[in-house]
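**Student:** Each chain is listed here by its residues.
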Amino acid sequence: MVELRDVHYRAGAAHIVRGVSLAFRARKFNVILGPNGAGKSTLLKLATGLLEASEGAVIYDDEPVKAIGVGPLARRRAVLSQHVELAFPLPVEDVVMMGRYPHFARVPSQHDRDIIAQALEVVEMTAFRVRSYSTLSGGEQQKVQLARVLAQIWMDDQQTGEKYLFLDEPTSNLDIYYELHLLEAARALLARGCTVIAILHDINQALRYGDAFFVLEKGRLAQETDDESAISAELLERVFRVRARRATDARSGETFWRFDPG
Amino acid sequence: MPERRGYGRIYLLLTVLLAASVLASAALGAFRFTPAEMFRYLLQAIGISEPAATDALARNVFLHLRLPRVIVAGLTGAVLGVSGTLMQGVFRNPIVEPGLAGTSAGAAFGAALVFVLGERTTLAFTQPLGTLAVPLFAFIGSFLATMLVYRASASFGKVNVFTLLLAGIAVNAVCTAGTGFLSYIARDPQARNITFWNLGTFTTANWRGTIVIAVVFAISFAALSRHGKSLNALMLGEDEAASLGIDPSALILRLIIINTAMVAVDTAMVGVIAFIGLVVPHILRMLWSSDYTFLIPASALAGAFLMEVIDVIARFVISPAELPIGIITAVIGAPVFLWILLRQQRAGSVVVDG
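Residue numbers (the working numbering), protein chains in the order written: chain P, 1 to 262; chain C, 1 to 354.
Calculated directly from the structure, the hints in this document are not laboratory data. Keep in mind that this is a model prediction, so the values were computed, not measured. Ideal Cβ positions, reconstructed from N, Cα and C, are used throughout, including at glycine. No false leads were mixed into what you were given.
Covered stretches of chain C (in silico footprint by chain P; criterion: 3 or more residues with CB under 8 Å from a CB of chain P, positions within the stretch not fixed):
(1) 90 to 103
(2) 222 to 233
(3) 236 to 247
(4) 279 to 291
This is chain P alone, in the form it adopts within the complex:
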């Protein structure tokens, strides 16, 4: 389980994260919601150990993240961000192999190669194995990056222990086809025992795919709930500065949100 205990983060005069305490749900799809500038990305960086908290502690399975070395940490959690461009051409399989870097010293083992093949299989990019990464479309590139982070925290690894996948607005450059594909792939990881922690900006997708919701407002946790119906129009209207209305899909009976300028 990943926990934040009264975490603060200051950058110069700016107080970006102001005392957040929370526990992400193990083996669930955790979603962080909030408007631009609420401190979502900073919070995620603190949780991944890429940033060090000014105050408070980030705990991985009862161990402070500071006490875990960068190498061991890289075998327990992986981070997928928005869009990764490469300055140089590399074949897809080399990019995915980078996910195995924390696991071998110089030369990848057969086990590492098998994982690469399976990760590419999961994202349906096996046919692109030897294609140059830079020639792929944005959606295909993001699938390759997903395969890379999957390979990094691959479940059938000899390594035991909980695995965490962090997603920092992973779908913001994707069309709806790739967006759904990526969210489905992330959800499928839960069955294999992985915990997913994602920042998503599309509130409807977030509520549809998430199990637990953490709403950030100005560096503080405005709401934490496992029940999507507990998220009220008032909260969304205040936090996102819009007008919000819950509607029901006539055919499926599912609810969704409609937003108008506030």
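Keeping the supplied structure of chain P fixed, place chain C upon it in accordance with the hints.
**Tutor:** Chain C only, in chain P's frame:
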């Protein structure tokens, strides 16, 4: 996945090319040596066979002029090739090389300081301390210049190519002006030496310098063997590299120090040779792969090979005189540089995300 794609065969090919070029470079020039002669002199040098009195002149030319020159040329090519690879990795851009980022010019300025001003102090080149002072000052100048260019062009994990080029121009201008000033106030034989040395030359190669360059290169190269993977990961960007368990700022600092040490010690001896660091990794990327675990060893081999070839050309173009090495590398390298820059611009990726 090194073995499967057969980097081994490429290394073998490059090694064969390098061996052939070393042999040619050792044999050709104002004095020509047959393989049999070279073999005989080598045996005589290590005391296996008796030196024959009739060989004395040719043997001395071979052992004390030609051989160190061939080795220094090869080492210089290897240093500059690897340096280009490293710097392109650190700056995440294919146009960077020691000549562009101030590394060479900074080293030249540092070394020239000792050459000219050291004469009035205990640092004089002829003094024991001076031998150490030249590479040391070259390293300091080189490190400061490189760090300045890096700091100016990189912010928030991204490298801006325009700032990089401008900072490179500015730092190079200051260092070149400094070296120019020193050669102006120097007395004549020294001044001419600096001018010639500023264009790159292997004529001054001697055994002592050769050993220093070889040792520094060997240590640097050994220290690099772990970093191929890290440089690959850095291609993804600093945050991504960090989440793969690499500390990007520590990595970059370590690579700049290793790179500067190699280039500074070499530059102190042979002067400024531009564009090798640009051309070598570029050819390797085009022909084979951008994987740094491959590029680091391959650019050492290919750089050494290319430099031997260029050194042979330098001996013949205006024979019996010799052309400075830097002139040839500029003629070959500048068009390649422009070509890469134009291609990058067309691809719309002159500003590269880190």
